[in-house]
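Mapped onto our numbering, the consecutive letters of the sequence shown carry residue numbers 1 to 239.
No lab work stands behind these hints, which were simulated from the structure alone. Ideal Cβ positions, reconstructed from N, Cα and C, are used throughout, including at glycine. Nothing false has been slipped in among the hints.
Just the calculated beta-carbon pair ranges, DEER-fashion:
| id | residue 1 | residue 2 | range |
| --- | --- | --- | --- |
| 1 | 87 | 203 | 33 to 41 Å |
| 2 | 160 | 92 | 37 to 45 Å |
| 3 | 91 | 202 | 29 to 37 Å |
| 4 | 81 | 114 | 16 to 24 Å |
| 5 | 34 | 128 | 30 to 38 Å |
| 6 | 91 | 154 | 47 to 55 Å |
| 7 | 7 | 111 | 37 to 45 Å |
| 8 | 87 | 50 | 17 to 25 Å |
| 9 | 171 | 83 | 22 to 30 Å |
| 10 | 132 | 171 | 27 to 35 Å |
| 11 | 85 | 171 | 29 to 37 Å |
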Amino acid sequence: PREFRCQSFIVFGDSLSDDGVEAVGESHGFTRNSNGKIWPEYVERMLQCDEYVNYAYSGAKSGLDNFYFDGWSGVSWQVQRYLENHLYVNGEPLIIFQTGGVIDYFTGEKDSTNVIANIEASVENITKTMNSGTLIVLTLLDLGTSPGVRAAEESADLQQRLGELVAETNRHLARIVFDSERGARQLYPKLRIRLLDINPVVLEAMNSLNTSEPFTFHNVNIKLVLVYTSVYFVSRTFR
Numbered sequence: 001p002r003e004f005r006c007q008s009f010i011v012f013g014d015s016l017s018d019d020g021v022e023a024v025g026e027s028h029g030f031t032r033n034s035n036g037k038i039w040p041e042y043v044e045r046m047l048q049c050d051e052y053v054n055y056a057y058s059g060a061k062s063g064l065d066n067f068y069f070d071g072w073s074g075v076s077w078q079v080q081r082y083l084e085n086h087l088y089v090n091g092e093p094l095i096i097f098q099t100g101g102v103i104d105y106f107t108g109e110k111d112s113t114n115v116i117a118n119i120e121a122s123v124e125n126i127t128k129t130m131n132s133g134t135l136i137v138l139t140l141l142d143l144g145t146s147p148g149v150r151a152a153e154e155s156a157d158l159q160q161r162l163g164e165l166v167a168e169t170n171r172h173l174a175r176i177v178f179d180s181e182r183g184a185r186q187l188y189p190k191l192r193i194r195l196l197d198i199n200p201v202v203l204e205a206m207n208s209l210n211t212s213e214p215f216t217f218h219n220v221n222i223k224l225v226l227v228y229t230s231v232y233f234v235s236r237t238f239r
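Starting from the given sequences, assemble the full structure and let the hints guide the process.
Dropping the structure here:
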């Protein structure tokens, strides 16, 4: 693979991407939902980026709102606030856009229309300010088998609804990125724009997890190398 210099690494997202206040660099989130570093920190370490900015907030919905309150820290809100201070994204940035939307659906949104519109607007806002660089758009993660969903009331119905809405949104993400007339890659050919399906990546990383014993934060079957394997898979998309 060709040599890749990471001048700036910028992340937008929700609970999956929030690195908390512990991270080295410019962090805007609440807390890590992990007992260790999360994926953006591993990517930043591997690429040795000159600048690392993480706008992800735990609980962020796809629009302006959060799971806990309205009007700020949603993924669209993150993009808008960043671009208010950066009218043009200079240099060769690497931007990873974790779209949000799962929390919208988890909290009762029964239609994908608003989520898709929020994602499409954010992708447009990001790309039109980039002169060059790489934008990686992550698909929504299907949380149907996660402990929180499996333990919820009417779990089976929730699993089915989440799965259908996530699949529908991901189909539209492919259109947003790849459409031959209005897709981001067609409209901004100078940019390296990729769509990464994170579901198989996460499933592969979970294969060695111990699901037969209570979670203790000290599972001997979780090896650090698995994290780097998954991150390497992500990094290959822009090499």
